[in-house]
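Given next are the chains, with one letter for each unit.
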Amino acid sequence: MSSDKKVTTKAASDSQLIARAQKGDEEAFASLFEAHKRRVYSLCLRMTGNVAEAEDLTQEAFLQLFRKIGTFRGESAFSTWLHRLVVNVVLMHLRKKGLQQVSLDETDPTLEEPVKRDYGDDDRRLIGSIDRITLARAIGKLPPGYRAVFVLHDMEGYEHNEIAGILNCSVGNSKSQLHKARMKLREALRAGRSEGETEENRETTPSVG
Amino acid sequence: MSELDMSTNAARAACAQFDADLPAFLEGEDRPFVARHAAECEFCAVVLGDLELIRSESQDFPLVEPPARLWTNIRASLEAEGIILEQKQGLMGWLDWFGHAGGIRFALQFGTAACLLLIGLILLLPTGVRKMHPVTAGVEPASPAPLGSANAAVNAGLVKSVSDMEASYREYAKSLDPMVQQSFQRGLQSLDDSIRECQNVVDQYPNDAEAREYLTSAYQQKAAVLMTALEYNGR
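Sequence lines, in order, name chains S and H. Heads up, the first sequence is in our numbering, so the first residue is 5 and it goes up one at a time. Heads up, the second sequence is in our numbering, so the first residue is 164 and it goes up one at a time.
So that you can see chain S by itself, here it is in the shape it has in the complex (with noise of 0.2 Å):
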């Protein structure tokens, strides 16, 4: 089956779903928490970095979306629909935390320092040494307002303009957060590098005395 033909099935049953969805038919609220739960549950736990608050957010995000769901239209695509619905509540929660909310307040980017580096401190690439395990945790362990930033741009591929409206924060703002914040995972990575080289050297050097 081509992508598009996947797309435009995975589209029609989606709105079948819906249309039984609106009218309380259990099973229609199982397929959909079936279709959608590993994307939703993902971006939750993206965003947050932390196993159970992205279980609560996605069970909290399926119930609004199924207690609102009589109002949905079909103006937008239902997952699009959705993946907003998310975020919004993801963010509520970021805000209702009161964690370090970096890229939120609006800010003048041009009045901020620049990401600051040490010039020839080590000229060993990161390529080999990451993998997708080491860059979820970095990713996870970023202050929630880069990490917002980062992973809806470089991993839900929003454009700035949207992650603006979303974050009400201007782009030039959100352009900003996301350079410091893949400079903060960079710094991150080296230094797990560094400290996992560091215990190598430690287990095969042999104890003196």
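No false leads were slipped in.
Which bits of chain S does chain H cover? Going by a derived footprint, with three or more residues having C-beta under 8 Å, they are:
1) 24-36
2) 67-74
3) 134-147
4) 173-184
Just so you know, these hints were derived from the structure itself, not from any lab. Ideal placement from N, C-alpha and C gives every residue a C-beta, glycine not left out.
Given the structure of chain S, go ahead and fit chain H onto it with the hints provided.
Quick look at chain H alone, frame taken from chain S:
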């Protein structure tokens, strides 16, 4: 200032220019200086390579499977809020319910189907035989299954766990929404009935290995339902 100092300063200025243009370059804007400088400066080339690697590695991240208990919680909330209006009835509804109940989904589905099949087969026996058979002699209403007599047929640890979980559930159930409580209660009631029926067969035919298996399976199902109920956080 020495020639070396001047050359170092010039190099640093070029690196600073690289840093300033890098975000726009990564956004796809035309910044020829970035690529030109990266070709000359190995440290900046490493920065550019790393950021491009992070960006490419972050795309198409595999999706993660959420815990199976999520649907159970969501379903219970939907039912409590009256959002579910058309429910799946009978066997299919229960199989689906168990299907989302946890890591032992296949065992649960098989066990449930097996128990129901066993009960169905017994009900199909001729009336004369049924009168002699304890399973069809009638089921006592809504009291917990007699756990003591199951010890010989079922792993004692399992029986004890179920008993402990049930005690905890009875306490926890008081804080649950009545609709949710009712939903769990219906499941537990049905499993207690199955346990009692299987236990009766085991009592009647102590060497019947299959009946013992069904009994164990019913206890496992009850444990799974109790676990789900105890994990239900009421959202």
